[in-house]
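Peer 1: Go ahead and model the full structure; you've got the sequences and the hints to work with.
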Amino acid sequence: MGQQAKAATNEPGERAARNKRGVAGWLNPLNTNIERWAYVFQRVTGLAVLAYVIGHIGDTSFFVGGPFGAGPNSASWALDLSATENVFGHLVLTMVVLVVVYHGINGVRLILAEYGVIFQKPARPEYPYKPKSLRTVQKHLVWVAVVGAILAALYSGGILFG
Amino acid sequence: MRESTIMQIQYVTAVFAIGLVTLHLLMQGVLVPYGDALMFQKVLSLYKDAVNGALLEILLIVVLAHGFNGLRIILLEWRQTAGWTKGVNRTALFAALVTMAYGTRTVILAATGQVS
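Residue numbers (the numbering used here), protein chains in the order written: chain A, 1 to 162; chain B, 163 to 278.
It is worth saying that the hints were derived from the structure and are not from the lab. Misleading hints may appear alongside valid ones.
[Stated by the list, open to error] Simulated pairs of lysine to aspartate or glutamate, EDC-like, Cα-Cα distance not exceeding 20 Å:
(1) Lys139/A to Asp59/A
(2) Lys210/B to Asp59/A
(3) Lys121/A to Glu35/A
(4) Lys204/B to Asp80/A
(5) Lys139/A to Glu126/A
(6) Lys210/B to Asp198/B
(7) Lys204/B to Glu85/A
(8) Lys204/B to Glu219/B
(9) Lys248/B to Glu165/B
(10) Lys130/A to Glu35/A
(11) Lys204/B to Asp59/A
(12) Lys139/A to Glu114/A
Treat the numbers as computed from the prediction; the structure is a model and nothing was measured.
Peer 2: Rendered as structure tokens:
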């Protein structure tokens, strides 16, 4: 009975079920494949964008005088701009463009993969046994997301600091 | 609602968000010069224009639905107890609705409120 239980817990599915690293597992430095890092960055950039959006909704509410305002208020808007239109604010906006563009392009890759558009046809495994589904187009799209995000951030930085 | 249906909604909101966020970013420095885009009268004219106001409201709803559902997915991946799942589902929905309501208030007041 004990032998049977031990054998059962060594099944791949059982081992996966015991994997309780959760969110902490995202940042494991031993996760060296690019798809794993793309997954981690998708989650981290998503959280960063959500935090920015919530702050942005609060910030733009000062166009109507803030939480207790009643309509468009130029003095309140000028006060808001004085707090956000500075080097730090522009740096934040540049970083926002960086993470938004990465999240968007990598998100398109994920949607295309989810619907099977960019998966290769299944084939007999061959040495060195790399999964065919994660080759060529998928990997290229990760780099398109990275490069696209950097270029967009440089362009927006040029506008904001130019 | 089934999780598979929620994931379809997540993908649909993602596609709409990409289009709307791209347009929103282009309006802030590319199609409209950055300095002009933040001027009080320019922002006011955007809110008062029916199409632009509606696009801002749709952007608000789409991005918040996508964002809070994404946060919910991450939190559900973290832990899988029944209590946690129920709590996360309800809290994410409540937080999304409250934030949407606050953003919608800004859009409505900007479009219809008295300028001061």
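Peer 1: Which of the listed hints are not met by the structure?
Peer 2: Hint check: 1 fails alone, others pass.
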